[in-house]
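> Each chain, letter by letter, is given below.
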Amino acid sequence: MPGQNVDTLRRQGKLKIAAFKFTSCDGCQLQILNLEDDLLALAGATDIAFFLEARRQAPSPPYDIGFVEGSISTPEEEERIGQIRRECKTLITIGACATSGGIQALRNWADVDEFCRCVYPRPEHIETLATATPIAAHVFVDYELRGCPINPADLLELVSATLAGRRPNISTHSLCVECKRSGYPCVMVAQGKPCLGPVTQVGCGGALCPSMNRACYGCFGPMEQPNMASLGRWFTSRLGQDARDMKRMLRTFNGYIEPFKQASDRYEQEEQRSKEQ
Amino acid sequence: MTDANTPPHAFFLPRSGLEDLFQILQSDGYQVLGPTVVNDTVMIRPLESIAQLPQGVSDRQDGGFYRLVDGDPELSFEFVVGPNGPKNYLFPAKLKLLEFHVGNERFELDAGQPDVPKYAFLGVRPCELAAVKVQDRVFGVAEPGMFRCESETWYTLARRQALFIAVNCTRPAGTCFCASWGTGPRATEGFDLALTELRGGFIVEVGSDRGQAIVGRLPTREPTVSELELAELKLERAAEQMGRRLETGDVKELLDHDLEHPEWDKVAQRCLSCGNCTMVCPTCFCCTVEDSTYLADENITRTRYWESCFTHQFSYLTSGPERATIRGRYRHWLRHKLSTWWDQFDMSGCVGCGRCITWCPVGIDLTEEIPRFREGGHAKAENTTQSRGT
Ligand code: SF4
Ligand code: SF4
Ligand code: SF4
Ligand code: SF4
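Top line first, the protein sequences correspond to chains A and B.
Under numbering that gives the first Met the number 0, think of the first position of the first sequence as 0, with each following residue one higher.
Under numbering that gives the first Met the number 0, think of the first position of the second sequence as 0, with each following residue one higher.
No lab work stands behind these hints, which were simulated from the structure alone.
Note that the coordinates shown come from a computational prediction; the quantities given were computed from them, not determined experimentally.
We treat Cβ as the ideally placed atom computed from N, Cα and C, and that holds for glycine.
Mixed in with the good hints there might be a few duds.
Sample of chain A residues facing chain B (criterion: CB under 8 Å; computed from the structure) [claimed, not checked]:
no.	residue
1	38
2	44
3	47
4	50
5	119
6	159
7	170
8	182
9	192
10	235
11	239
12	240
13	242
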């Protein structure tokens with residue numbers, strides 16, 4: 000019944016949304032505030048219940064949608080995420096920290112105690128886990144919004160889709176598809192720049208780096224079925240990259256998520272082997 | 000469209016006449032689309048003046064490789080196709096189809112006819128014209144004057160108004176193999192005017208009444224015999240200098256019977272499933288349609304995007320993609336281009352432009368793949384059943 004569609008739209012009009020922060024730079028939450036023109040409409044269509052970056056008060060759970068930013072890096076966070084999962088009907092992770100561990104997950108390949116001794120005058124006050132891990136390593140996650148930072152348009156799309164009861168139009172294919180749809184010349188083929196576009200998920204809003212004549216850095220993490228080995232072979236045999244370059248290229252915002260992780264580990268071993276020789 | 004009544008006749012347009020041609024197109028209300036250099040790549044873009052043409056520029060193309068190099072400073076068309084072409088305008092990569100809204104307890108349509116510009120494609124290549132002919136059949140405008148219910152509205156309107164000023168290829172690129180399909184390097188149909196570039200100017204052939212009318216307003220003269228011979232020679236040499244070759248006679252048969260050939264596994268090790276080959280292919284026509292809404296607002300926008308058979312979404316059914324492996328997707332792609340396209344449209348889905356070779360980030364080359372299927376295949380009779388995606 001068409002009439003029911005209207006009702007559904009209206010009834011669902013007041014989604015209770017909350018945003019939670021874990022170990023992160025706040026950049027993703029800031030992207031929500033950066034929506035500026037859309038922010039009032041968003042606040043009108045939903046009930047933004049818990050959002051420390053924008054509001055002081057914190058209305059009580061449960062929430063229809065909980066957006067989670069940041070990785071799990073401390074024992075306290077490990078506890079808190081379980082509680083939040085119980086309070087949110089739908090839990091959506093936003094950004095590289097929450098979906099892959101983020102830049103701080105680089106510690107997972109290093110000695111955290113040593114870092115603490117180097118950085119803090121009183122390291123005994125620091126309570127931290129040895130690793131920084133994505134939210135999905137701890138609780139069930141309903142949906143992910145990738146990116147470092149997220150594309151605010153994706154967040155708006157997700158909320159809009161939920162309000163209308165439709166699937167969100169968020170793709171998981173390679174960045175190349177979007178790059179070509181946008182009509183950008185390929186920086187890899189035409190200029191030999193090692194571009195991670197073929198293994199990276201679309202989402203940055205129209206192939207941002209290639210639009211600026213730069214190679215993709217992989218901020219949106221691995222695409223649906225990336226062929227890391229083939230791209231790596233091409234980068235090393237044709238585009239002058241060595242094992243160390245490959246490792247560094249993959250260990251950035253999304254280094255700790257598979258299959259970027261496995262590939263970077265492989266290049267690390269290769270790098271070590273070549274040093275030993 | 001070649002008009003049978005137009006006698007084949009050639010003119011000579013001095014180089015300075017290119018400016019006149021441009022002026023005529025503009026004053027006739029065409030949006031001129033032609034080659035220009037963007038980030039070290041020849042792209043088809045709207046042109047404001049002929050100064051934007053890539054004068055003195057040539058290209059080097061190979062698998063996964065494209066570089067612009069200095070060419071003959073007196074020539075304006077010494078390069079060949081880049082990654083985009085008429086397809087990007089006749090069948091846009093992103094197109095708003097319609098808008099509707101929820102009103103009076105039902106959906107109400109807000110759409111009118113699309114406002115399609117009058118395009119003049121300047122410098123379109125013979126393989127592109129062949130590809131337009133393929134898409135004409137795909138989108139149901141093969142017979143002019145006929146409008147079928149499955150016809151594609153934007154394509155049909157844009158196509159009917161479009162003017163094609165072709166440039167024959169006197170220097171093919173390293174990845175070109177149009178000669179193998181007979182689609183180039185010389186345009187034989189589908190153009191309004193066809194130019195062959197010489198140092199001092201162009202031999203102009205007329206392919207339609209519209210083309211004839213334009214030639215009548217250009218400062219042309221009769222070509223000399225030696226000019227005609229030179230143009231002829233250049234095109235003959237171009238056909239001999241094709242960078243790639245494809246034996247096309249048995250290719251459908253070959254791909255129909257070797258669904259389990261080990262080469263499918265090998266090429267799947269290399270293929271990134273990135274979709275570039277389908278995006279740049281001038282005949283690929285797949286698209287997806289998305290409805291979008293904005294928060295609780297009751298307006299709905301329906302947009303069409305190019306889609307690729309290399310994405311999961313392309314064949315996603317209830318529980319996942321029908322073609323779950325890269326092997327299955329590459330096989331589907333190559334077979335569609337060279338084999339099942341014949342079943343579907345009674346023609347080849349490949350015109351030999353070489354784009355999928357050049358713009359594949361890892362240089363996968365169908366002209367190298369096909370000969371591999373001729374070697375060491377399985378017994379033919381066993382493999383005639385259509386195997387599924389994986
Ligand atoms: S520039 Fe990068 S993202 Fe764009 S097509 Fe080339 S490899 Fe893909
Ligand atoms: S399959 Fe490749 S060579 Fe053939 S028309 Fe398409 S892009 Fe050109
Ligand atoms: S199925 Fe694939 S190869 Fe065939 S037209 Fe569509 S995108 Fe191109
Ligand atoms: S053949 Fe090349 S361009 Fe096509 S999907 Fe595979 S890697 Fe990408």
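> Each hint needs a verdict: does it hold in this structure or not?
Results of checking the hints against the structure:
The restraint placing residue 38 of chain A at the interface with chain B is violated, with a minimum CB-CB distance near 11 Å, outside the 8 Å limit. Contact between residue 44 of chain A and chain B, as hinted, is supported at the beta carbon level, the nearest pair being about 4 Å apart and thus within 8 Å. At its closest, the beta carbon of residue 47 of chain A sits 12 Å from a beta carbon of chain B; the interface hint therefore is violated under the 8 Å criterion. Taken as an interface hint, residue 50 of chain A does not check out: its beta carbon lies about 17 Å from the nearest beta carbon of chain B, beyond 8 Å.
At its closest, the beta carbon of residue 119 of chain A sits 44 Å from a beta carbon of chain B; the interface hint therefore is violated under the 8 Å criterion. Interface restraint check: residue 159 of chain A against chain B, minimum CB-CB distance 5 Å, threshold 8 Å, status holds. At a threshold of 8 Å, the smallest CB-CB gap from residue 170 of chain A to chain B is about 7 Å, leaving the interface hint in force. Annotation: residue 182 of chain A was flagged as interfacial toward chain B, and the flag holds, the nearest CB pair being 6 Å apart, inside 8 Å.
The restraint placing residue 192 of chain A at the interface with chain B is violated, with a minimum CB-CB distance near 10 Å, outside the 8 Å limit. The beta carbon of residue 235 of chain A is not positioned within 8 Å of any beta carbon in chain B (closest approach about 12 Å), and the interface hint is therefore violated. For the restraint placing residue 239 of chain A at the interface with chain B, the shortest Cβ-Cβ distance is roughly 14 Å, beyond the 8 Å limit, so the hint is violated. Against a cut-off of 8 Å between C-beta atoms, the interface hint on residue 240 of chain A is violated, since the closest Cβ of chain B lies about 14 Å away.
The restraint placing residue 242 of chain A at the interface with chain B is violated, with a minimum CB-CB distance near 18 Å, outside the 8 Å limit.
Checked against the numbered hints above, the structure violates hints 1, 3, 4, 5, 9, 10, 11, 12 and 13; every other hint is satisfied.
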